[in-house]
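Peer 1: As a plain string of letters, each chain reads:
2 protein chains.
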Amino acid sequence: EDINLIELPKIQDPRGNLSVIENGTIPFSINRVYYLYDVPSDAYRGGHAHKKLFQFLVPLSGSFDVVLKDGFGQGKIITLNKPNKGLLIVPGIWRELTNFSSGSVCLVLASEMFDEEDYIRDFAKFKSIKNS
Amino acid sequence: EDINLIELPKIQDPRGNLSVIENGTIPFSINRVYYLYDVPSDAYRGGHAHKKLFQFLVPLSGSFDVVLKDGFGQGKIITLNKPNKGLLIVPGIWRELTNFSSGSVCLVLASEMFDEEDYIRDFAKFKSIKNS
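Chains A and B, in that order, give the protein sequences.
For the record, in the first sequence the residue sitting at position 60 is 51 according to this note's numbering, with numbers rising by one throughout.
For the record, in the second sequence the residue sitting at position 130 is 121 according to this note's numbering, with numbers rising by one throughout.
Each pair may be met inside one copy or between any two copies, as identical chains are not told apart.
With a straight-line cut-off of 35 Å between C-alpha atoms, the simulated DSBU-like cross-links for lysine-lysine are:
| hint | residue 1 | residue 2 |
| --- | --- | --- |
| 1 | 116 | 1 |
| 2 | 42 | 73 |
| 3 | 118 | 67 |
| 4 | 118 | 1 |
| 5 | 43 | 1 |
If you're looking for bench data, these hints aren't it; they were derived computationally from the structure.
Note that the coordinates shown come from a computational prediction; the quantities given were computed from them, not determined experimentally.
Here chain A stands alone, though its shape is the one from the complex (with noise of 0.2 Å):
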């Protein structure tokens, strides 16, 4: 499974803490920056995977868990809840979001701008893709 949890450094300070993401810590340029927030407790998002793009999230506030599927056995599940540890997603694994505590706060680095041709959404398409 590619399951790369990154550990970013934590600069720990009696002002409050500061976590760094730069070119060398991901394997990718940021292209685009997005969050997730206001997200109610029993949300579910996700369901989808990408053909090229690479993705980081970082749980900024709160928790979350995230189911990820590469197309064959049984998925994995990841909470994320440490704001200075990221995960990694590479191109071809399914990932849905789910399990958020209130008021957390997902942060997306993605390696490429948006692009609808880039997404997989139909699970039984992916599988066959990964199958194949």
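Let chain A serve as the given structure and place chain B on it in line with the hints.
Peer 2: Positioned in the frame of chain A, the structure of chain B alone reads:
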């Protein structure tokens, strides 16, 4: 004064809100991402200017104040408290961060990698550069 508040798209959804920052939203390429968290509510941050670096600050959770000084006259205080409204800080502006709410998270997108040479950390020196 160079006060550049930028409203970001807010994609509202029953599963939570999403905001996006990409090239075109801000006038620089993102070379470094960092974020402040676990900030005590009486903490004070900043107190510096940059020679070349552009920064974009977004309050991903909670609120905080940014004090901006251009080296002339009074400073201006900007309260950031909406996850879809960020503040662009161009080079040559003194900034201080203060009045953090409990649990606040400040996301910073920067145009350059870290370079101590790019910092002006002494306010008297900053004023003399700006007034020369």
